[in-house]
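Asker: Sequence:
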Amino acid sequence: MEIASQSPLIAATLIVLGTLVASPAVGLVDFTDNRQSQGELGTGNVTVTEASLPSSAGFEKGQYGSESYYLRVPAATVTFERVTGRPVLNYKLDVPGLSYSRQSVYFVDESDSGERVTFKLNKDTLPPETFTREEYTGEVRLVMRANGSARVLANRTITVEVRE
Numbered sequence: 003m004e005i006a007s008q009s010p011l012i013a014a015t016l017i018v019l020g021t022l023v024a025s026p027a028v029g030l031v032d033f034t035d036n037r038q039s040q041g042e043l044g045t046g047n048v049t050v051t052e053a054s055l056p057s058s059a060g061f062e063k064g065q066y067g068s069e070s071y072y073l074r075v076p077a078a079t080v081t082f083e084r085v086t087g088r089p090v091l092n093y094k095l096d097v098p099g100l101s102y103s104r105q106s107v108y109f110v111d112e113s114d115s116g117e118r119v120t121f122k123l124n125k126d127t128l129p130p131e132t133f134t135r136e137e138y139t140g141e142v143r144l145v146m147r148a149n150g151s152a153r154v155l156a157n158r159t160i161t162v163e164v165r166e
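Count the sequence shown with the working numbering and you get residues 3 to 166, in order.
Heads up, a few of these hints could be off.
[As the list claims (entries may be wrong)] With a Cα cut of at most 25 Å, we get these calculated BS3-like pairs of lysine-lysine:
1) Lys94 with Lys63
2) Lys122 with Lys94
3) Lys63 with Lys122
4) Lys94 with Lys125
5) Lys63 with Lys125
Derived by calculation from the structure, the hints in this document are not laboratory data. Remember, predicted model here, so these are calculated numbers, not experimental data.
Generate coordinates for the entire structure from the input sequences, incorporating the hints supplied.
Answerer: See below:
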């Protein structure tokens with residue numbers, strides 16, 4: 003018997019054995035990235051040297067005949083001096099005149115220590131009948147959540163324009 007004719011059988015056997023050995027049922031080998039070793043989500047602490055928020059935001063009318071308006075908010079930045087554990091950062095926009103709120107959630111960890119990190123707000127669309135004015139007052143903020151408490155890192159009142 004030639005080894006070349008046995009290659010498909012050998013390959014199939016190795017794939018089946020590898021799958022069985024790494025499966026949760028057998029559990030002999032774990033190939034997953036275990037980030038729990040860095041601490042549970044929402045625990046830890048941060049020391050921030052700088053946090054900056056945009057001074058304006060807007061809803062821009064879509065192009066090519068689209069009637070929807072698209073949320074445009076510049077990114078926020080945070081410079082972390084030190085991060086322990088895995089705290090949660092919320093970047094949020096509130097526009098009370100529209101009864102509108104949008105939020106993005108980020109998880110930070112020790113690898114962000116000494117880094118300047120950029121955070122973006124999730125995209126959104128609204129129909130044109132939502133708007134009755136050309137501008138609204140809004141508020142953007144960065145909130146760090148860890149160990150069951152919340153701490154505001156930055157807060158700013160902004161103008162939210164509705165643009166054609």
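Asker: Now, for every hint given, state plainly whether the structure supports it.
Answerer: Evaluated hints:
This hinted pair checks out: lysine 94 and lysine 63 have alpha carbons roughly 22 Å apart, not beyond 25 Å. Proximity of lysine 122 to lysine 94 is assessed by CA-CA distance (about 10 Å); at most 25 Å being required, the pair is judged to hold. Among the hinted pairs, lysine 63 with lysine 122 is consistent with the structure: their alpha-carbon atoms are about 20 Å apart, no more than 25 Å. Between lysine 94 and lysine 125 the CA atoms are separated by roughly 12 Å; this keeps the pair inside 25 Å, and the hint holds.
The straight-line distance between the Cα atoms of lysine 63 and lysine 125 is roughly 14 Å, inside the 25 Å bound, and the hint therefore holds.
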